[in-house]
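Participant: This is what each chain is made of:
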Amino acid sequence: MTAVAGLQELFTRNLRQSGIYIAFVAIVGLFAILTNGMLLSPGNMTNIVLQYSYILILAIGMVIVIIGGHIDLSVGSVVALTGAVSAVVVIRAGQPWWVGILAALAVGLLVGAWQGFWVAYVGIPAFIVTLAGMLLFRGLTLQVLNNVSLSPFPPEYQRVAGGFLNGFLGGQGIDVFTLVIAAIAVVGYAVSQLRSRRGRIKYRQTVETMPLFVLRLVLVGAVVMAFAYQLARSRGLPIVLIILGVLVIAYTIVTTKTVFGRHVYAIGGNLSAAQLSGVKVKRINFWIFVNMGFLAAVAGVVYSSRSNGAQPAAGNMFELDAIAACFIGGASTTGGVGRVTGAMVGGLIMGVMSNGMQLMGVDQSVQQVIKGLVLLLAVAFDIFNKRRVGASR
Amino acid sequence: MASPILEMQSITKTFPGVKALQDVSLSVEHGEIRAICGENGAGKSTLMKVLSGVYPHGTYSGTILFEGAEVEFGSINDSEDEGIVIIHQELALVPYLSIAENIFLGNERKHRGLVDWNRANSEAADLLARVGLDELPVTPVSQLGVGKQQLVEIAKALSKQVKLLILDEPTAALNDADSEHLLGLLRQLRQQGITSIIISHKLNEIAEIADSTTIIRDGRTIETLDMRSGEVTQERIIRGMVGRDLDHRYPPHESHPGNEVLRIEDWTVHHPTQPQRVVVDRANLSVRAGEIVGIAGLMGAGRTELAMSVFGRSYGSHITGKVFMHGKEVSTRTVSEAIDHGIAYATEDRKKYGLNLIEDIRTNISAASLRTLSRAGWVNGNEEIKVAEDYRASMNIKAPTVMALTGKLSGGNQQKVVLSKWIYTDPDVLILDEPTRGIDVGAKYEIYTIINRLADAGKAVVVISSELPELLGICDRIYTLAAGRVTGSVSRENATQENVMELMTKERDLVR
Numbered sequence: 001m002t003a004v005a006g007l008q009e010l011f012t013r014n015l016r017q018s019g020i021y022i023a024f025v026a027i028v029g030l031f032a033i034l035t036n037g038m039l040l041s042p043g044n045m046t047n048i049v050l051q052y053s054y055i056l057i058l059a060i061g062m063v064i065v066i067i068g069g070h071i072d073l074s075v076g077s078v079v080a081l082t083g084a085v086s087a088v089v090v091i092r093a094g095q096p097w098w099v100g101i102l103a104a105l106a107v108g109l110l111v112g113a114w115q116g117f118w119v120a121y122v123g124i125p126a127f128i129v130t131l132a133g134m135l136l137f138r139g140l141t142l143q144v145l146n147n148v149s150l151s152p153f154p155p156e157y158q159r160v161a162g163g164f165l166n167g168f169l170g171g172q173g174i175d176v177f178t179l180v181i182a183a184i185a186v187v188g189y190a191v192s193q194l195r196s197r198r199g200r201i202k203y204r205q206t207v208e209t210m211p212l213f214v215l216r217l218v219l220v221g222a223v224v225m226a227f228a229y230q231l232a233r234s235r236g237l238p239i240v241l242i243i244l245g246v247l248v249i250a251y252t253i254v255t256t257k258t259v260f261g262r263h264v265y266a267i268g269g270n271l272s273a274a275q276l277s278g279v280k281v282k283r284i285n286f287w288i289f290v291n292m293g294f295l296a297a298v299a300g301v302v303y304s305s306r307s308n309g310a311q312p313a314a315g316n317m318f319e320l321d322a323i324a325a326c327f328i329g330g331a332s333t334t335g336g337v338g339r340v341t342g343a344m345v346g347g348l349i350m351g352v353m354s355n356g357m358q359l360m361g362v363d364q365s366v367q368q369v370i371k372g373l374v375l376l377l378a379v380a381f382d383i384f385n386k387r388r389v390g391a392s393r
Numbered sequence: 394m395a396s397p398i399l400e401m402q403s404i405t406k407t408f409p410g411v412k413a414l415q416d417v418s419l420s421v422e423h424g425e426i427r428a429i430c431g432e433n434g435a436g437k438s439t440l441m442k443v444l445s446g447v448y449p450h451g452t453y454s455g456t457i458l459f460e461g462a463e464v465e466f467g468s469i470n471d472s473e474d475e476g477i478v479i480i481h482q483e484l485a486l487v488p489y490l491s492i493a494e495n496i497f498l499g500n501e502r503k504h505r506g507l508v509d510w511n512r513a514n515s516e517a518a519d520l521l522a523r524v525g526l527d528e529l530p531v532t533p534v535s536q537l538g539v540g541k542q543q544l545v546e547i548a549k550a551l552s553k554q555v556k557l558l559i560l561d562e563p564t565a566a567l568n569d570a571d572s573e574h575l576l577g578l579l580r581q582l583r584q585q586g587i588t589s590i591i592i593s594h595k596l597n598e599i600a601e602i603a604d605s606t607t608i609i610r611d612g613r614t615i616e617t618l619d620m621r622s623g624e625v626t627q628e629r630i631i632r633g634m635v636g637r638d639l640d641h642r643y644p645p646h647e648s649h650p651g652n653e654v655l656r657i658e659d660w661t662v663h664h665p666t667q668p669q670r671v672v673v674d675r676a677n678l679s680v681r682a683g684e685i686v687g688i689a690g691l692m693g694a695g696r697t698e699l700a701m702s703v704f705g706r707s708y709g710s711h712i713t714g715k716v717f718m719h720g721k722e723v724s725t726r727t728v729s730e731a732i733d734h735g736i737a738y739a740t741e742d743r744k745k746y747g748l749n750l751i752e753d754i755r756t757n758i759s760a761a762s763l764r765t766l767s768r769a770g771w772v773n774g775n776e777e778i779k780v781a782e783d784y785r786a787s788m789n790i791k792a793p794t795v796m797a798l799t800g801k802l803s804g805g806n807q808q809k810v811v812l813s814k815w816i817y818t819d820p821d822v823l824i825l826d827e828p829t830r831g832i833d834v835g836a837k838y839e840i841y842t843i844i845n846r847l848a849d850a851g852k853a854v855v856v857i858s859s860e861l862p863e864l865l866g867i868c869d870r871i872y873t874l875a876a877g878r879v880t881g882s883v884s885r886e887n888a889t890q891e892n893v894m895e896l897m898t899k900e901r902d903l904v905r
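Heads up: the sequence lines are chains H and D, in that order. Quick note on numbering: the first sequence equals residues 1 to 393 in the working numbering. Quick note on numbering: the second sequence equals residues 394 to 905 in the working numbering.
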C-alpha cells in the first residue's frame with residue numbers, strides 16, 4: 001500500500017524548493033571556475049562562513065517574520081544597538097565578556113517585545129513599526145556610543161566570531177576534531193532521516209525509493225564531509241558555524257514541527273481563517289517579533305565580535321540582505337510560504353556571489369547591480385513556477 | 394426566429410491531464426435568456442471563459458460564430474469590442490471609486506485626453522435609470538450593498554453597448570428582493586434586444602426566467618431544454634445535471650433530540666464600528682443534542698452576526714447576554730474558549746474566513762485541533778496525516794492525497810474540508826453558516842447526509858441558510874430572525890415557506 005515516489009515525481013513536485021538548490025550548486029560551480037578554484041580553497045570557505053554568518057542568523061528570524069506576513073526593516077539598527085550595548089558593558093564598564101553577551105541578548109528581547117507590542121496588540125503594520133524602529137534604534141545606538149566607536153574587545157569575546165575549535169584530537173595539517181564533528185552530524189542526519197522514513201512508512205505515506213533515499217544521504221554526506229575537510233585543512237571548526245548550525249536545526253524544527261510554527265504559517269496564509277480556528281494571533285505575532293529581536297541580538301554579538309568593536313554605523317543595510325535571502329530562498333511576499341533552509345540557501349547564494357566577485361576583483365558597483373538582478377530573477381522564477389503549477393491543474 | 398446570435402461549435406479545451414470541455418456546442422438565439430446548468434466542475438465557467446477570450450483563440454479547438462461571423466478573441470478586450478460582456482460572481486468594482494468612475498473604468502469619457510466628468514456623470518445617470526438603480530453617479534461603490542453593486546456591473550456592461558450579457562451566479566449573494574429586481578431587469582433587457590446567458594445553481598430562478606436551458610455535464614453538452622412551455626420541472630433539470638434521478642433532494646432523516654446542549658439568553662450585539670446600532674437584539678434560543686436547528690432570516694437580519702458573536706466574540710461590540718452549555722453558563726470570549734467548550738462554527742465564506750488556500754488539506758483539517766495532535770508543543774506530523782486521510786475517506790473529499798492544496802479543490806470539496814476541520818475538534822454543537830452556498834446539487838446532498846450523520850452521533854447542529862427550501866428540508870426546527878430579533882421558532886411539522894417567510898419579515902413593532 002505504501003506508495004513510492006520516483007525521481008521525476010519528486011523533482012516536479014518540489015521544483016520550487018529544489019530549484020533553489022540547483023541554482024546554488026550552479027552558482028558555486030560557476031564561481032569556482034571563474035576564480036580558478038579559489039572559491040573552494042580551505043581559507044576562503046572558512047572566510048565565507050565567518051563573513052556571512054550574521055546575515056544568515058538574521059535571515060532565520062526574518063523568514064519567520066515573513067512567513068507570518070510581516071516584514072522587519074529594523075534588524076540592521078538592532079544589530080548595531082545590541083553590539084553597542086555589549087561594547088559599553090564589556091569595554092567601557094570592564095565587565096566580563098559573557099555579561100556583555102547577556103546584556104546584548106536582553107536588549108534584543110526588549111526591542112522585540114517593543115515592536116511586537118505595537119504590531120500585535122496595537123495593530124500597526126510591521127512595515128511602519130519597524131521603519132520607525134530602524135530610525136529609533138539607530139539613534140539609540142548613537143546615544144549609547146556617544147557617537148564614537150568602541151574597541152577592542154577582550155580576546156574571549158573575539159572568539160565568538162573569530163574563534164575555532166581544533167586540535168583536540170590532533171592530526172597533521174588536517175584537524176581531526178572538525179572531521180569527527182562533521183561525521184557525527186552526517187550520522188545524526190542519516191539516523192533522523194531514517195527514523196522519519198520509518199515513521200512515514202508506518203503511517204503508509206509516500207516515500208522515496210530506497211536507492212534514491214540512499215543516494216540523497218550519500219550526496220548530503222559527501223558535501224558536508226568535503227566542506228568539513230576544507231575547513232579542517234584551514235583553521236578548524238569555526239565557533240560561529242556551530243552557533244549557526246544549532247540555530248538552523250532548532251528553528252527548522254520550530255517552524256515545521258511545533259504548534260507555534262504551524263500557527264505562524266496559518267496566520268500568514270489566511271489571517272481570518274487562523275483567527276476563527278482559535279489561533280491566538282496577537283500572542284503569536286508578539287512572539288514572532290520577540291524572536292526576531294533575540295536573533296538580531298545574536299547577530300549583533302557575532303558582528304561586534306567579528307569587527308572587534310562597536311561602530312555607530314554597524315549593521316547598515318543588513319535588513320535588506322536578510323530580506324533578500326528569504327525571498328531568494330522561496331518565501332512569499334504575501335506570507336504563509338517559506339522555509340528556514342530556503343532562507344539559508346538564499347543567504348549563501350548572496351554570500352558566495354559577493355565573495356566570488358570580490359575574489360575576481362569585480363568593482364563594488366557592478367557587484368550591487370548583479371546582486372539586485374539576482375534577487376529580481378529569483379522572485380521572477382518563483383512567480384513563473386507558481387503560474388506553471390497553477391496552469392497545469 | 395432569426396439566425397442565432399452565438400454559435401459555439403465543437404469546442405474542446407484541455408488542461409494538462411484533464412479534458413475540461415469535450416466537443417461542446419452551444420447555439421443561442423437573438424434576444425433570449427439562456428440558462429446554463431451543471432454541477433460544479435462540469436465546465437460551465439470554462440466554456441464562458443473560452444467565449445469571452447479569457448482563454449484566447451488557439452488554446453482551444455472549435456469555432457465560435459458571433460452574429461454569423463467567425464470570431465477569434467485574443468483577450469477579454471476583443472470580446473467586449475464585439476459586445477460580449479461577462480459579469481463574474483466576484484464583482485470587479487473598485488470600492489473607493491464612484492459609480493460613474495466604475496462604469497467607465499478603462500472606457501473613460503474623454504475630451505482631448507482629459508476626462509469629461511460632466512458627460513461621464515450624466516451618461517452614468519442615464520444608465521442607472523435604465524437598470525433601475527436610484528443612486529447618484531458620484532456615490533462611492535463601497536456605500537452600496539451587493540445587490541446594487543450587481544446593478545452597477547450591469548450598467549457598466551450596458552455602457553459597452555453589450556449585445557450578449559453573461560452572468561455567472563448573479564444572485565448567489567443577493568437576497569430575494571434584490572434577486573427579484575435583477576431578474577426583472579434581465580426581462581426588461583430582453584425586450585431591448587439584449588441576449589443573456591445566465592449561469593445559476595438556483596433552479597427556481599431558472600425556471601422563472603429562462604427561455605431555454607442548456608445542461609452541461611462532465612465537459613459535454615447534454616441537452617438544451619425549451620423552458621417556454623413551462624413543462625420543464627426543476628427535477629427534470631436536476632436529472633440532466635447529475636445524470637440520474639435524485640428522488641429526494643434532501644436525504645430522509647428522523648432526529649431523536651436528547652438533552653439541551655446550547656442555550657443563549659438575552660444575547661445582544663452592537664455593530665463593531667457604529668456602537669449605537671443594535672445588530673442582535675435580546676436573542677434567546679436553544680438547541681438539543683441530536684437536533685438540527687435552522688436559523689432563517691433575510692440579509693441583514695443578524696444571522697451570521699449572532700453566530701460569530703457567540704463564537705469567540707468574532708463580531709460586534711458591547712456584547713451582553715449569557716451562553717449556556719449543558720445547562721452551565723460558559724464564557725466564550727475568545728475563539729479558543731468557544732472551541733474548548735465544544736462549539737464549532739463553519740463560516741459562510743469558506744475562501745475568505747474558512748480555509749488557508751495556499752496550504753494542503755491536511756494542514757487545514759488540523760488547524761483548529763493542533764493541541765490534540767501535539768504533545769508539549771510538538772505536532773505529531775504522521776498522526777496528523779493519518780487523521781486527515783481518515784477524513785478524506787469518510788467525508789469523500791475528492792483529491793489524490795491530503796497533500797493537495799485546498800485552493801485547487803472545488804467548492805463542495807472545500808466545504809468538506811471545512812466540515813472535517815470542525816468535526817475533528819469534537820464539538821458538541823456545530824454552527825454551519827450557509828453550508829451549501831455555491832455548491833452543486835450532488836455535493837449538497839452529500840453535505841446534508843453529513844449533517845444528518847452528525848445529528849445521529851448526538852451533536853447539536855445549527856444551520857444558517859438563506860435558502861428556505863433547504864432549511865425546511867433538513868431542519869427539525871427553525872428559528873426566524875428579523876432585524877436582529879428572534880421572531881419565532883417553528884417545528885418541522887408546522888413549517889411552510891409561507892409562515893416562515895412571514896416571521897422573517899415581521900415588523901419590529903409587532904414583535905413586542
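Certain hints may be false.
To be verified - Below, computed lysine-lysine pairings styled on BS3-like, alpha-carbon distance capped at 30 Å:
(1) Lys503/D / Lys257/H
(2) Lys899/D / Lys715/D
(3) Lys744/D / Lys257/H
(4) Lys280/H / Lys257/H
(5) Lys556/D / Lys595/D
(6) Lys801/D / Lys202/H
(7) Lys282/H / Lys257/H
(8) Lys595/D / Lys899/D
(9) Lys257/H / Lys595/D
(10) Lys280/H / Lys595/D
(11) Lys257/H / Lys745/D
(12) Lys779/D / Lys715/D
(13) Lys744/D / Lys280/H
(14) Lys280/H / Lys503/D
(15) Lys503/D / Lys556/D
(16) Lys744/D / Lys282/H
(17) Lys801/D / Lys595/D
(18) Lys595/D / Lys553/D
(19) Lys779/D / Lys280/H
(20) Lys715/D / Lys282/H
(21) Lys202/H / Lys779/D
(22) Lys503/D / Lys553/D
(23) Lys745/D / Lys721/D
These aren't lab readings, by the way, just hints derived from the structure by calculation.
Participant: For every hint, state whether the structure bears it out.
Facilitator: Structure-based check of all given hints:
Our distance criterion of 30 Å between C-alpha atoms is broken by lysine 503/D and lysine 257/H, whose separation comes to about 59 Å. Restraint check for lysine 899/D and lysine 715/D: the C-alpha separation of about 25 Å stays at or below 30 Å, so the hint holds. Simply put, lysine 744/D and lysine 257/H have alpha-carbon atoms about 26 Å apart, close enough for the 30 Å limit, and the pair holds. Of the supplied pair hints, the one linking lysine 280/H and lysine 257/H holds, its CA atoms being roughly 18 Å apart against a limit of 30 Å.
With a CA separation close to 24 Å, the supplied pair lysine 556/D and lysine 595/D stays within the 30 Å bound. Restraint check for lysine 801/D and lysine 202/H: satisfied, since their Cα atoms lie roughly 28 Å apart, inside the 30 Å limit. About 21 Å separates the Cα atoms of lysine 282/H and lysine 257/H, which keeps this hinted pair within 30 Å; it holds. Note on lysine 595/D and lysine 899/D: the hinted pairing holds, with a Cα-Cα distance of about 25 Å set against a maximum of 30 Å.
Restraint check: the Cα-Cα separation between lysine 257/H and lysine 595/D comes to about 45 Å, which exceeds 30 Å; the hinted pair is violated. With a CA separation close to 39 Å, the supplied pair lysine 280/H and lysine 595/D exceeds the 30 Å bound. The suggested pairing of lysine 257/H with lysine 745/D holds, with an alpha-carbon distance near 26 Å, which does not exceed 30 Å. Annotation: proposed proximity of lysine 779/D to lysine 715/D is violated, straight-line Cα distance about 38 Å (limit 30 Å).
Taken as a hint, the lysine 744/D and lysine 280/H pair is honoured in the structure, with Cα atoms around 20 Å apart against an allowance of 30 Å. About 51 Å separates the Cα atoms of lysine 280/H and lysine 503/D, which puts this hinted pair outside 30 Å; it is violated. Our distance criterion of 30 Å between C-alpha atoms is met by lysine 503/D and lysine 556/D, whose separation comes to about 23 Å. A threshold of 30 Å between alpha carbons decides the hint, and for lysine 744/D with lysine 282/H the separation of about 22 Å falls inside it, so the pair holds.
At most 30 Å may separate the alpha-carbon atoms for a hinted pair to count; lysine 801/D and lysine 595/D meet this at roughly 24 Å. The suggested pairing of lysine 595/D with lysine 553/D holds, with an alpha-carbon distance near 28 Å, which does not exceed 30 Å. The suggested pairing of lysine 779/D with lysine 280/H holds, with an alpha-carbon distance near 26 Å, which does not exceed 30 Å. Between lysine 715/D and lysine 282/H the alpha-carbon distance is near 26 Å, which keeps this suggested pair within the 30 Å criterion.
Annotation: proposed proximity of lysine 202/H to lysine 779/D holds, straight-line Cα distance about 10 Å (limit 30 Å). Proximity of lysine 503/D to lysine 553/D is assessed by CA-CA distance (about 15 Å); at most 30 Å being required, the pair is judged to hold. For the suggested pair lysine 745/D and lysine 721/D, the alpha carbons sit about 33 Å apart, so the restraint of at most 30 Å is broken.
Hint compliance for this structure: hints 1, 9, 10, 12, 14, 23 are not met, and every other hint is.
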